[in-house]
Amino acid sequence: MENIITGIQLATTPEALIAILIGLIAGQILGAIPGLTASMAVALLVPYTFYLDPWIGIPMLLGMFKGSLFGSSITAILIKTPGTPAAAATVLDGYPLAQKGKGVKAMKMALYSSVFGDTFSDVMLIFAAGFLASIALNFGPPEYTLLTGFSLLCISSLTGNSIWKGLFSVFLGMIIGMIGLDPITATPRLTFEYLELEEGIGLIPMLIGTLAVSEALRQMEQPVKKLASSTLIFSKQKIDNVVTFLEFKSTFPTIIKSSGLGTLIGAMPGLGSTIAAFLAYGEAKRSSKKPENFGKGSLEGIAASESANNAVSGSNMIPLLAFGIPGDIAAALIMGAFLIQGITLGPVVFQDNPVEIYAIFAALIVANLFNLFLGHGLIKMCKHVVTVPKRLLFPAVLVIASAGAYALRGSLFDIQLVFCFGVLGYIMMKCDIPTVPMLIGFILIPIFEENLRVTLLLGASHDLNVAFIFTRPAFVILFLIMTFTSLFILKRRKLRKLENINN
Amino acid sequence: MFLKSITKGILMFFSITFLLISNGFADSYPSKPIKLIVPYGAGGGGDTTSRFIADLATDILGVKVLVENKTGGGGTIGIGAVAKSKPDGYTIGFISTSPITIRPHFMKMPYKPLDDLTYLGQFVSSPMPVILRSDSQWKSFEDMMAFAKSNPGKLRWSTAGQKGGPHMAMLAAFKQEGASTTYVPFKGGAKALAALLGKTIDMAVISDFAAPLSAGKIKIIAESTPERNPSAPDQKTLAELGYPLSPAIFFGIAGPSGLSKDVIKKWDSTLGQIMKSKKFIDLLKKLKATPSYANSANFTKSVIADYSAAGKVLAGVKF
Numbered sequence: 001m002e003n004i005i006t007g008i009q010l011a012t013t014p015e016a017l018i019a020i021l022i023g024l025i026a027g028q029i030l031g032a033i034p035g036l037t038a039s040m041a042v043a044l045l046v047p048y049t050f051y052l053d054p055w056i057g058i059p060m061l062l063g064m065f066k067g068s069l070f071g072s073s074i075t076a077i078l079i080k081t082p083g084t085p086a087a088a089a090t091v092l093d094g095y096p097l098a099q100k101g102k103g104v105k106a107m108k109m110a111l112y113s114s115v116f117g118d119t120f121s122d123v124m125l126i127f128a129a130g131f132l133a134s135i136a137l138n139f140g141p142p143e144y145t146l147l148t149g150f151s152l153l154c155i156s157s158l159t160g161n162s163i164w165k166g167l168f169s170v171f172l173g174m175i176i177g178m179i180g181l182d183p184i185t186a187t188p189r190l191t192f193e194y195l196e197l198e199e200g201i202g203l204i205p206m207l208i209g210t211l212a213v214s215e216a217l218r219q220m221e222q223p224v225k226k227l228a229s230s231t232l233i234f235s236k237q238k239i240d241n242v243v244t245f246l247e248f249k250s251t252f253p254t255i256i257k258s259s260g261l262g263t264l265i266g267a268m269p270g271l272g273s274t275i276a277a278f279l280a281y282g283e284a285k286r287s288s289k290k291p292e293n294f295g296k297g298s299l300e301g302i303a304a305s306e307s308a309n310n311a312v313s314g315s316n317m318i319p320l321l322a323f324g325i326p327g328d329i330a331a332a333l334i335m336g337a338f339l340i341q342g343i344t345l346g347p348v349v350f351q352d353n354p355v356e357i358y359a360i361f362a363a364l365i366v367a368n369l370f371n372l373f374l375g376h377g378l379i380k381m382c383k384h385v386v387t388v389p390k391r392l393l394f395p396a397v398l399v400i401a402s403a404g405a406y407a408l409r410g411s412l413f414d415i416q417l418v419f420c421f422g423v424l425g426y427i428m429m430k431c432d433i434p435t436v437p438m439l440i441g442f443i444l445i446p447i448f449e450e451n452l453r454v455t456l457l458l459g460a461s462h463d464l465n466v467a468f469i470f471t472r473p474a475f476v477i478l479f480l481i482m483t484f485t486s487l488f489i490l491k492r493r494k495l496r497k498l499e500n501i502n503n
Numbered sequence: 001m002f003l004k005s006i007t008k009g010i011l012m013f014f015s016i017t018f019l020l021i022s023n024g025f026a027d028s029y030p031s032k033p034i035k036l037i038v039p040y041g042a043g044g045g046g047d048t049t050s051r052f053i054a055d056l057a058t059d060i061l062g063v064k065v066l067v068e069n070k071t072g073g074g075g076t077i078g079i080g081a082v083a084k085s086k087p088d089g090y091t092i093g094f095i096s097t098s099p100i101t102i103r104p105h106f107m108k109m110p111y112k113p114l115d116d117l118t119y120l121g122q123f124v125s126s127p128m129p130v131i132l133r134s135d136s137q138w139k140s141f142e143d144m145m146a147f148a149k150s151n152p153g154k155l156r157w158s159t160a161g162q163k164g165g166p167h168m169a170m171l172a173a174f175k176q177e178g179a180s181t182t183y184v185p186f187k188g189g190a191k192a193l194a195a196l197l198g199k200t201i202d203m204a205v206i207s208d209f210a211a212p213l214s215a216g217k218i219k220i221i222a223e224s225t226p227e228r229n230p231s232a233p234d235q236k237t238l239a240e241l242g243y244p245l246s247p248a249i250f251f252g253i254a255g256p257s258g259l260s261k262d263v264i265k266k267w268d269s270t271l272g273q274i275m276k277s278k279k280f281i282d283l284l285k286k287l288k289a290t291p292s293y294a295n296s297a298n299f300t301k302s303v304i305a306d307y308s309a310a311g312k313v314l315a316g317v318k319f
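First to last, the sequence lines map onto chains A and B.
Under the numbering used here, residues 1 to 503 are what the first sequence spells out, in order.
Under the numbering used here, residues 1 to 319 are what the second sequence spells out, in order.
It should be emphasised that the hints constitute simulated quantities derived from the structure, not laboratory data.
Computed from a prediction, not measured in an experiment: that's the story for all the values here.
Where a beta carbon is used, it is the ideal one built from N, C-alpha and C, also for glycine.
Take these hints with a grain of salt, some might be off.
[Said to hold, decoys possible] Not the full set, but computed from the structure, chain B residues with beta-carbon under 8 Å of chain A:
(1) T48
(2) K154
(3) K175
(4) A294
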């Protein structure tokens, strides 16, 4: 108990609070810049923390990570350019809402669900880290294969009206995702002897190209006169600028469910916030009373994706604290920063550095509170940015998109990719083929393929061959859940068809 | 209030960036910022160490040493960029064992390790233990080897990187005993560790062992590098157990071939000073790495020796 109080004191000194603030501000700004992901923001800051007192450096890092996750949703909503891949699912409903003049409402919804998801997963980290980590460890290659395979099946129905067009889009993304070195044997595939292609297509150039550049191209269709008008009109009515209590209440079940899903995904090493956001979005749409509103500006959609991607940020520390395994790059960076300050994050940290660990927990919670207030400030500021005329904003978007893609790997090839995907995205838009399934197919296929092949490899070493997967309890449970979900969907569809016939 | 603090944040960001790109002026080497290419991703042990080296070298050399991460191809893409750069001493790179002495023996490389690089100095050697879960049925390396021999294909194991030094060392050992095993590739030591703890695999050779070891989740049964592991001094190395290949895991710095004597001398003295700094030694302790300094001449000798030794062993191993 004494440790807890000392820890809280350590994290709430004026210096620490200011450090959290600076981290959050820098994170929100960096997060809003496409190409600079949350992990990159953290990577940029880590070297400076070497020179700072640990209780200034570490809260700053944590703040930065949280800030960048929210910052990225702002550009996703306002200019269809997710600052980080994790906010790609937020584009789906955020951008349509902004087009209707309800940008502020969308941003506020994103802020509230972000902060809620964050807090939810921090609380889980504090109270259930050991339990969640032991669940997550049972998820090996067979379970990852099942999970990603099931998601690939589901996403074709995520957006758009035609399942066939959705499937086409998913397969296109999967093929693009296979470009590069084979994950097991490291043989080049689909590279046509281009050395640049051996590293594979970068997610960020692809994302920025298909979402932001294609939108800029579409805007160019308009007559010059229209382009002089303001990019976004914000509705003056109060109801369009706040999230009402009723709206919050109706999205609350979605927020809770998505936060839980995000927390679980975050606890599994190697999946990450982008996948969490898309899975939560899909699940929200499946279970929603108004699935037809998804993709047209549903608050539930924003709530699902934002609470899930933020929930990852707390829980990816779970495998770190329970076993010393970093869940993703950002967690690895934070672990490195702690190491330099003399703290080995891992299961023994509760014995060796109890004060520090409680201080971290306190800093996480404080950072969430600050994020809420700072977020409001950022929303106000960003409102002004997008009132500039379209003829100024969209060229600027093209420049930022190129710079962001270049910043990532310092490669000109990535800029060329951005524009290739811009054109591809534009053509797909014109053919009414949804682009988002392509993106998810692209993100999921490497994880799916790698784990499928490792599973088969493992199968060869078991007496039961591949059937060994059914001796794994986690696999069986997951398999049953998924079978029932699928049956449930099919049954509901049949019922609907029957109703339509009867009517 | 918000606007003010945001402006401050932006100002800070730009002033830091400015500091990073501003450079000093002088006639002799170095007179402008030096680029240190790190062929691995930000945040790993290699990256952290090189950022530290870069900071300390900046203080000593009086010009900025800037870290640039150029990842891909298991480190070969970044090292390839170093090999192809102008030999003026302003582009150097961080190097480690696998892409220098191991992989070139069986993979197409964008550089020839012995011809295209100048080795400036080594500063770290890192232990790489063979680990099991602490509740494992095997008590020792011999136990495990006996199981592998009598149960072909049933021993499932992994390392931090496919076709890296530890992978090759273990393959050579299994080959010598006539054991066939199942190697399960994972991307990175963290994932291999998760698979070990989750019972997907039963043995791993990784460097990120400190946290689970102190928590009693794993045990060390051997060491794959030439020196015994300081955390388990009772456990023999692969060489002591009678296996031919136990590659040293080193971290060092190299430049393109044809660097002038002045550049080599400057880095010899710079690295020598860094190795004496308490800050650096403390960092290595925390990373569970061993400070191990070799100047340019000695480092070059040991690279050549390791390279040909690995070549001899690997020529006999089928993949």
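- [ ] Return the status of the interface hint for K154 (chain B): holds when the least beta-carbon distance to chain A is below 8 Å, violated otherwise.
- [x] 6 Å, holds
- [ ] Under 8 Å, Cβ to Cβ, is where A294 (chain B) needs to be relative to chain A, so tell me if that hint holds or is violated.
- [x] Check failed: Cβ of A294 (chain B) comes no nearer than 25 Å to chain A, outside 8 Å.
Open item on the list: Can you verify the interface hint for K175 (chain B): is its Cβ closer than 8 Å to any Cβ in chain A?
Closed with: The hint is violated - K175 (chain B) has no Cβ within 8 Å of chain A, the shortest such distance being about 18 Å.
Task: Restraint satisfaction for T48 (chain B) [CB to CB of chain A, less than 8 Å] - done: Since chain A brings a Cβ to about 5 Å from T48 (chain B), closer than 8 Å, the hint holds.
Hints 3, 4 from the earlier list are contradicted by this structure; the remaining hints agree with it.
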